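Residue numbers (numbering that gives the first Met the number 0), protein chains in the order written: chain F, 0 to 548; chain R, 0 to 223.
By construction, these hints were calculated from the structure, which means they are not laboratory data.
The structure presented is a predicted model; accordingly, all values stated were derived computationally and were not measured.
Relax, there's no trap hidden among the hints.
Partial selection, computed: residues in chain F whose CB lies under 10 angstroms from chain R: (1) G64; (2) R86; (3) A87; (4) P88.
Just so it is clear, CB atoms sit at the ideal spot from N, CA and C, and this is done for glycine as well.
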Amino acid sequence: MSPQTTDVLVIGSGFGGAIPAYHLAAAGARVTVLERGPRLATEDFTHDLDLGAYPRIVDVIKGDGISVVAGNCVGGGSVVYFAASLRAPSFVFDRRDASGRRLWPASLSRAALDPWYEQVEQALPVTKLDWPDVSYAGGVLAAACDRAGHTCNPVPVAVDRARCTDCNWMLSGCRFGAKRSMLLNYLPAAEAHGAEIRPLHEVQLIRPSTVPGYRYAVDYTTVDPADYTCPTGAGTLHTKVLVLAAGAVGTPVLLQRSALALGGVPPAVGGYFSGNGDRVSVAELDEGKVRSLLGLARSATVAYEALHIGMPITAASFDRLDARAPEFSRFTLQQIYFPTVTNSLAQTAGGRWSGVAKKQMRARWRSWLTVLAMTEDEAEGSFGVPPLTGSFTRLANGLGLGTMRFAPTAGTRRGWSEADTHARAVLERDGLATVRPWSEDVAGTVTAHPLASCRLGDSAAISALTELNELRTHPGLFVTDGAAVPTSLTVNPSLTIAALAERACPAIAARCAQYGVAVRYAPSDPLTGATRGGDIAAAARAVAARAGA
Amino acid sequence: MEPLPGIDRRAMLRGLAAAVAALPALGTMAAPAAAAPAAAATLGSWPVSTLEAFADTLVPGERRSPSDRAIAGAASGPGAVQAGVITLLTSPDLPLNPLLPGIAALLDARATAYAISRLILLPLDRPPFVGLSFDHRTTLVTGLFRADDLDRPIWQLLAFLVGLAFDTAAHRHTAQALAEGHPGLVWTGFPQPDADGLWRYPSHSYGTALAEPHPATTPSGSPA
Ligand SMILES: Cc1cc2nc3c(=O)[nH]c(=O)nc-3n(C[C@H](O)[C@H](O)[C@H](O)COP(=O)(O)OP(=O)(O)OC[C@H]3O[C@@H](n4cnc5c(N)ncnc54)[C@H](O)[C@@H]3O)c2cc1C
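Next comes chain R alone, as it looks inside the complex (with noise of 0.2 angstroms):
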């Protein structure tokens, strides 16, 4: 079926937008990725499991089966997989879908070259990301961030997505994500709404002065 003619412009301006961003790795994989929609929508595995590895590697979780190879089982507790990082990836609302095979390969690329240079043998069965332990993985992507990479851009985009995912569940209604026990917004110990679904504090404070204000105070309150 030929795609809607508003939806194929959408997904035109979109990689336009990210061809022209300065982000010299995205633009050149948006091509060839934005030709082929029908791989973009169903993201292989390979691709998947590398992403959420770099997720887990921000913000570790415990491994969903024992088999679990893109958890590294860091930490305790749910991590920024569990939260959900992969569905917000792929989330209509964000024109990033034809753009993860790419990017998930750029952070394969860099794992190979990082365990090269360090005499790492990789397992076959896994991408190369996947295949690197929690502290590697911790390594190489503090790396990622350091102010000489040329793809820092791109971490520091995809590492704000993997923080929403966890921190705000952000492909969910706030209210909804809190009654259905999202785990990010419940290891944060994020507030239940009221009954309709907006917050309100009628407590707030203290209550008492807790300090002289500024003696050059002027009256309407500003310093002087």
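Okay, chain F solo, but in the shape it has when bound (with noise of 0.2 angstroms):
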């Protein structure tokens, strides 16, 4: 038998996957994705909280100090999250590590880039939020904002507003076709110009290829589509140049596994673990002085009750992203809704999160106000020992044990004081409501924004990644997820992420062309594969010509 080739490899098929699929089969390279998770359309998702139905798509992934919530599904974390799509401010581009060294590299500010943010926000596309869109609780938010003498915003999202149903089902999936996941742009773009999407195939370790002419042999499994921790088959496929973009907890723990396979690999793979600063907060509020104090109704009889309904995030306010404010005290406080799977984290007044009070104040869900503060943090994370298959220990569809440990150190801890501080400020004012962070108790701090955990920069001491997202010690393998942004954002992250990924593709591209493989890239759109020219195709070109093309 021939063995399995390709030109272009992709491992996983988020945001950090989908946009290389895309723009390398566009150029006219073979691309073949592999993907851990299930294939579903939008008429497959459901309005469900059963344990049949979201842990398909999603896994709870529970470290030492750490847990953190992931897409596992074709299209990854962009099918279940929440479609936030925002640029990082300026500043977050200078940060510097204890020893005064940049932590991004040198060739990346804001400014530079903008042009991919700008491709990424057209592509996908993101709509730019009015306040009729804004949902009660985001308005509650902007009110208690206005009120404390701050600003707030409605948030740009990847939403076709035409299409939302303001459902606040987005965990699950997107039953109405509105939120604008890869599986609406990039992949499906990727397949018209001949990508291969195999679902179900779990990728366990990475290898030098022995097929003439190929770099990396990739060993997959493929998995049963009822019980992923039942493996169903297995192979291998050769490839001339590998994406690893299998997010920010599975990209480390592949490179860990193959370390010794590959003859090494940085030591920065696994370490610097970021969990964005997030910090997440229940205001339970007193439903009078919503009328009162800030003069919001949504009948007559009812003021507020509507922690369920509408888009999960809808307003921020960026009052704290001062560049010239100290480090640690700089977030974005935004307002989010958590389906009730994390009921159990919210506080009581007493600091409990079990017991008789908390028994009451779920009594008063619908009052709730969950806000998200994005903090900086240390990267103070690292993985363990990797597990023996797959990035973690499997435990059910939906739920695995993960080698990852996160110790807040004292600047984290600042920075969560800080933002604690402040929406006590702007939500406990006069007495609209009482706010207490999630207990750490049952799942140490919790996360959806996995990031750094193979992070690019200019010093091979701090960094596993070129500033072109090339692993430093092995030329051809690129990582394109959240794994290879440097910092916590003080934002969401998945614009980032993407923006970067854009910014790796015209580097992958000289790549495959040093490897023989024909390519043509030049930026385009998903939807209408028209070219981009202005500022995004002289990016383009400078980006390739420093990737040696």
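Two chains, two separate frames, one set of hints: put the complex together.
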């Protein structure tokens, strides 16, 4: 039997995988995508909290001191995410470590990334919300910010508002085809250019290929669609260029397991894990004061009671993103809804997440307002010895035990404390609400925004990737997912992950050309196929030049 | 009857997953429990009441009858037990079934140690944890979640599932659970779907500008 081969093998199909899959396929390369999770279409998504439903496409992975929520399906996190699409503020790109080293490469600033951000905003596309799109919950945060002398913005989202029903089931995938996930743009466009997407294929090992002309061999198992703990087969694919985009909790584990076979990987692989400084708090609103202090009511009798209504993220305050403010004091405060899956984590006034008072608090669930602060952390997490297979030990569909450990440093704790103080100043003013962060007892700190576990940078001492996302020790092996983002972002990360993946594409294409794959890359729109000129084309030429094309 | 080969393989893999999962107590208990699948299928009444009492400590409810021992009766209205926590824990969607007797035994062992250290006399007609008062159950359970507790990951996982039973009716389709009046969903005020079983909110916004946007917002709506 002749070996299976491809020009570009992409591992994972979230933002980091789908984008290179499209551009390299459009450039003329043979592209194969291996995705661990199943493939669902719009009509397959259900409004259901049954354990047989959303755990098919989303995993909770519990580590030591941190738990991560992440997508597990074709389209990855883009299928289950909340679609808030924000560019990271300028100061983030200037962050330095304790010894004064830049954490981002010198070539990357907000201005340098702006053309790539714009490319993604047009491709998804992203919609700027207006106030009538802002949920009741977002409205309460906005009005409370205003009353406390702060600003508050409607948040741009990757949602087609004409199709959206404001159902608030985004974690379950979008049943109405409104959320602009990778299933509706980059992935079908990649397939239109001949890319092959293979769901239920979990990659286990990366090693050098023994097939002449091919650089990397990737071993995978196929998994049972009803029970992901159950392998159903195995195979190997040989590729000229490898794009690793298994997500920030998948990518480092794969590289760790493959280290021996690959002859070593950079020491920064699996270090510097960041939860994006995520800090969730529940504010219990006093309904009477929503009316009397904020002047808000949704009917004659009801002021709020609307936690469950509308898109999960609609409003955010940027007031604490001042570039001149000291590190660990800068963050975005955002309104967010979490499905009742997380209700256990909310704390009562007495600081308890269980017991009688907590049960009483549950009876007031509709009057909760959940807020997410995204702060500056120190990327202090790390991954331990990898499990025998997969990225974590899977206990059931939707549930796993990971090897990551996160013990918050004083700096990270300072960031959280600043955010807590600010949230209280805004929401507890005159008794509008009582605000308490989620308990860390049940799950450690919880993040849906894992980052930085295989980060890019200029210094080999603190980064695993070159400034163009290539693994330092392994030419032709690129990492383009959240693992590559070097620091927490103080905003939701998807747009930055996507923009960096876009920016890596001309560099990946340059490697393809070097390895004898006939490619013609040009930045283009996945929905229309139209080639882009202007700033984006210039940025692409600059990247290609640095990549030695 | 021999179990189907497919099912056997699944049980083995799950046992293995638990064993390598850095859960010391689960790991050692998985082996004997998994070797006796028949025992797991019919979870005895002692482990059931121990697990019920644990769930009731987290989400307390009223007694099902005056003779109810597992539920301490610390709160009015339904708790995790009424919400179906045992049905969830024994659900085929989770691999926990063979491990439950071991987990209950672990909790009872902790209860015995707790009682001895405080000179509490435990009744002999019920599992040790069930023999504790609600306040003592609460103190004991709080301690299980301290960072230095070796078995903490087990209690964290169990607590997560108890919460799921009450807050999400995780063992039922949500629309169906609501139609049946699932106690947890009713307690929290979980909304009803439209007639087709899907949720939609035509009214979802106060509809007017409620704050000034940040002056440095860029054209796409991001911070500068
Ligand atoms: C509930 C939720 C809400 C969120 N809301 C927002 C939001 O509003 N805005 C925002 O910006 N961000 C949001 N995020 C975060 C965002 O979804 C992630 O940052 C983003 O999806 C990460 O992209 P990625 O490409 O790095 O990884 P992912 O999207 O996680 O993709 C990785 C893919 O690789 C697959 N994979 C992993 N291991 C393997 C393997 N061994 N073999 C094959 N395939 C593998 C996974 O199944 C997955 O599909 C949210 C996340 C969640 C979970």
